Amino acid sequence: MFSRSSNLVKLGGVSGFKQIAARFESTIILGEHVDGKLCASTLSAITAAKKIGGDISVLVAGNKIGDVAQQVAKISGVTKVLTVENDVLKGSLPENWAPLIVSAQNAGKYTHILAGASSFGKSLLPRVAALLDVSPISDIIAVKSADTFVRQIYAGNAIMTLKSKDPVKVITVRGTSFPPAEEGGSASIEALAGASPEASTLSEWVGQELSKSDRPDLGSAKVVVSGGRGLKSAENFKLLYTLADKMGAAVGASRAAVDAGFVPNDMQIGQTGKIIAPELYIAVGISGAIQHLAGMKDSKTIVAINKDPEAPIFQVSDYGLVADLFKAVPEMTGKL
Amino acid sequence: MAKVLVGVKRVIDYAVKIRVKPDKKGVVTDGVKHSMNPFDEIAVEEAVRMKEKKLASEIIAVSCGPAQAQETLRTALAMGADRAIHVEVTGPEYETLQPFHVSKILAKLALEEKVDIVLVGKQAIDDDSNQTAQMTAAILKWSQATFASKVEKTDGNLTVLREIDGGLETIKVKLPSVISADLRLNEPRYATLPNIMKAKKKPMKKVTAKDLGVDTGARIEILNVEDPPVRQAGSIVPDVDTLVSKLKEKGHI
Numbered sequence: 001m002f003s004r005s006s007n008l009v010k011l012g013g014v015s016g017f018k019q020i021a022a023r024f025e026s027t028i029i030l031g032e033h034v035d036g037k038l039c040a041s042t043l044s045a046i047t048a049a050k051k052i053g054g055d056i057s058v059l060v061a062g063n064k065i066g067d068v069a070q071q072v073a074k075i076s077g078v079t080k081v082l083t084v085e086n087d088v089l090k091g092s093l094p095e096n097w098a099p100l101i102v103s104a105q106n107a108g109k110y111t112h113i114l115a116g117a118s119s120f121g122k123s124l125l126p127r128v129a130a131l132l133d134v135s136p137i138s139d140i141i142a143v144k145s146a147d148t149f150v151r152q153i154y155a156g157n158a159i160m161t162l163k164s165k166d167p168v169k170v171i172t173v174r175g176t177s178f179p180p181a182e183e184g185g186s187a188s189i190e191a192l193a194g195a196s197p198e199a200s201t202l203s204e205w206v207g208q209e210l211s212k213s214d215r216p217d218l219g220s221a222k223v224v225v226s227g228g229r230g231l232k233s234a235e236n237f238k239l240l241y242t243l244a245d246k247m248g249a250a251v252g253a254s255r256a257a258v259d260a261g262f263v264p265n266d267m268q269i270g271q272t273g274k275i276i277a278p279e280l281y282i283a284v285g286i287s288g289a290i291q292h293l294a295g296m297k298d299s300k301t302i303v304a305i306n307k308d309p310e311a312p313i314f315q316v317s318d319y320g321l322v323a324d325l326f327k328a329v330p331e332m333t334g335k336l
Numbered sequence: 001m002a003k004v005l006v007g008v009k010r011v012i013d014y015a016v017k018i019r020v021k022p023d024k025k026g027v028v029t030d031g032v033k034h035s036m037n038p039f040d041e042i043a044v045e046e047a048v049r050m051k052e053k054k055l056a057s058e059i060i061a062v063s064c065g066p067a068q069a070q071e072t073l074r075t076a077l078a079m080g081a082d083r084a085i086h087v088e089v090t091g092p093e094y095e096t097l098q099p100f101h102v103s104k105i106l107a108k109l110a111l112e113e114k115v116d117i118v119l120v121g122k123q124a125i126d127d128d129s130n131q132t133a134q135m136t137a138a139i140l141k142w143s144q145a146t147f148a149s150k151v152e153k154t155d156g157n158l159t160v161l162r163e164i165d166g167g168l169e170t171i172k173v174k175l176p177s178v179i180s181a182d183l184r185l186n187e188p189r190y191a192t193l194p195n196i197m198k199a200k201k202k203p204m205k206k207v208t209a210k211d212l213g214v215d216t217g218a219r220i221e222i223l224n225v226e227d228p229p230v231r232q233a234g235s236i237v238p239d240v241d242t243l244v245s246k247l248k249e250k251g252h253i
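Protein sequences, first through last, are from chains A and B. When you line the first sequence up against our numbering, it's residues 1 to 336, in that order. When you line the second sequence up against our numbering, it's residues 1 to 253, in that order.
Hints in this document: simulated from the structure, not taken from any laboratory. There's no promise every hint is true.
[To be verified] Incomplete in silico selection of chain B near chain A, CB under 8 Å:
| hint | residue |
| --- | --- |
| 1 | Tyr14 |
| 2 | Ile18 |
| 3 | Leu55 |
| 4 | Ser103 |
| 5 | Ser129 |
| 6 | Ala137 |
| 7 | Ile139 |
| 8 | Trp142 |
| 9 | Asp165 |
| 10 | Lys174 |
| 11 | Leu223 |
| 12 | Asn224 |
| 13 | Val244 |
| 14 | His252 |
| 15 | Ile253 |
[Claimed, not checked] Listed below are several chain B residues computed to face chain A (Cβ distance under 8 Å; list not exhaustive):
| hint | residue |
| --- | --- |
| 16 | Gln123 |
| 17 | Gln144 |
| 18 | Arg184 |
| 19 | Tyr190 |
| 20 | Pro228 |
Quick caveat: nothing in here was measured; it's all calculated off a predicted structure. No residue lacks a Cβ here, since even glycine has one placed at the ideal position from N, Cα and C.
Bound-form chain B, shown alone:
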């Protein structure tokens, strides 16, 4: 049975309208509602389903970030992960923490914990990078199955249906492997109150990137963060005729 490592990220909640900081160095995060990156919820759910199907023996949830990352890990534990590892990264290093660093951390932990599958979301909705799974797989020299919408175990391999530009693609990957979850992979469960209570007793280990031998030095310098250009307010047209004539005026039809 496979041992699974799931990467989860604490991000600003998807429904929050973000605000750019006045100093233009980032977005306002203090006092803003955060939650688990939606794609990571899907990754956790898939790991838990693997365990329920007796395909996985143990699920280890990992998150890199400041102390609050532990809340996200508790959510993963309440969903069914067995134990958690908090890789503490704070201050300026967290500001410029990128998939480059996180993938090195995940790769190190994957080897230390002797896992067979690393599961992450396809992208985090804050930095929108879509890189961590691919980079983790490269560092480990493992197979990768990105944008997965269905994962099945066949013999010692995984058969994965992937979402690609023109439709769907099926690949077979050898274990160990790194998988990134797309939206259609599953419908994540809600953590029930009894499970939230139980999650408080599950083990959580804290380490630093330095303990793992990973340098979190910045690879980018953030020069500035700005609001996107605002669209000019449009008009409400009374009927289809007006709409069609407006579009004709503009030369669209």
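Pulled out of the complex, with its shape left as it was, chain A reads as follows:
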């Protein structure tokens, strides 16, 4: 009798404590959106937040946000959608956005602030962290607990598990490491109280030139065909576009191809470009430098087409074809 009841107390104590700890966690996620659509990076951040536990609020801010707020409210796991609609937020200037996130933080006293590790999240969250006097954590690939996270260092050649000592964890999340959260929720939508963003006089958004393409987005494409220095010219990249179109693939590039002017910068895959993990990655005329591998080595299947049998890309490829790409790529296109 005695031992039974003491066991019960012990069990109740442990699980009760866990519940309380979980209840203390609360996350606010910066909802990133382009042209009225929520970005995939935010859906991955929501998945990461679920692993942290507790309530999940998503801040949807911008100069036009109605549709996006509705989309976010339907995502499973989201407790609340906080909205701020203001023309000041056009152009995503961190000088205007950071104070807004700080005011949301002051109102909600969150334990975690998350965003996708996109160029927007990377520009903004460290500024927010500094305003809160905490050390941000970049590009996490796993959540071990509410204060322990995993991230890659040295171009993905080492994996660090770290424990944050800060009271508020400010984190960017690697999209390819967390599957996107799916629909199936019904969160409440409310305007963020007391948020009246003012235009900072520090900076001004002039405009942007976005690369137009009908192909799938590099970050979320299932198949990516990528070219390097071996393509020799911008003209020759057409070979890859033709192959990609046949496969419904996105097209990426190595730094060498970007530097040589074959393709625009935003197609660069690697440590300092985009980090992707498609089902199938086809590297054409890419040697496979450490910096390039950092951006694609988590792809499910890697194919390399290169005429140099010693190219390091063959050390990570599942299927390697030692051949002249100018013959192999058109042949492959013809056989699909």
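Once you have looked at the hints, place chain B on chain A.
Relative to chain A, chain B alone:
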């Protein structure tokens, strides 16, 4: 004319294949080739070009770290920086030194030295954080121009072309400002032998984080550092037909 502060970091050379320490607390750095973080070379180059265009009056290079950080500062001086400040951080504090601390140090020095522009690389290739510029700008309450691929001075402002996910973006920032250099900003010059010799005579001041009133207490605890999972060795296929049939087998096409 603007006074420029350039932050440079000594990192393991980009071409080195790093090794994780047996105790799993970090990577092996002893006896390994180090050099200036490639993005910081680009930042130094941009500062020197600003001076050559008479947009900048003086360039001060700063590095935080152990005694060897001075080698990196000498490289910056040989590229054209006028003087250097070595902020000495050693031992366990250096192990957990983060952009959080470095940005406070840079902000303090920016005010002390009355600079108009802080230039740093967009990320260091060792910790891959990509935080220092943004945090420095926040602490100073200055504008920030991250991932810059072109910087032009227009009146009292800077017009900056930025590399963003979908393409390029143009912003105008008021001075003083913090800029982080992306790869495409410029092609850094090599330090010539005469300039390396001259750099030895340029002034280098040594201070500690404590002198600057910056606490370098750890904000993270490194629980462990491991090798990434190794990919299973693949196979070489003889021809395109085999490749296509393998991909079909796997359901990729």
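Cross-check of the supplied hints:
1. Tyr14: 7 Å, holds
2. Ile18: 5 Å, holds
3. Leu55: Violated: closest Cβ of chain A sits about 19 Å from Leu55 (chain B), beyond 8 Å.
4. Ser103: 6 Å, holds
5. Ser129: Interface hint status for Ser129 (chain B): holds (5 Å vs cutoff 8 Å).
6. Ala137: 6 Å, holds
7. Ile139: Holds: closest Cβ of chain A sits about 5 Å from Ile139 (chain B), inside 8 Å.
8. Trp142: 7 Å, holds
9. Asp165: 5 Å, holds
10. Lys174: OK, holds: Lys174 (chain B) within 8 Å of chain A, min 5 Å.
11. Leu223: 4 Å, holds
12. Asn224: This interface hint holds because 5 Å falls under the 8 Å limit.
13. Val244: 5 Å, holds
14. His252: Holds: closest Cβ of chain A sits about 4 Å from His252 (chain B), inside 8 Å.
15. Ile253: Cβ of Ile253 (chain B) sits 6 Å from chain A, so the hint holds.
16. Gln123: 7 Å, holds
17. Gln144: This hint holds: Gln144 (chain B) lies near chain A, its Cβ roughly 6 Å from the closest one there, short of 8 Å.
18. Arg184: 6 Å, holds
19. Tyr190: 17 Å, violated
20. Pro228: 5 Å, holds
In summary, the structure is inconsistent with hints 3 and 19 from the numbered list given earlier, while agreeing with the others.
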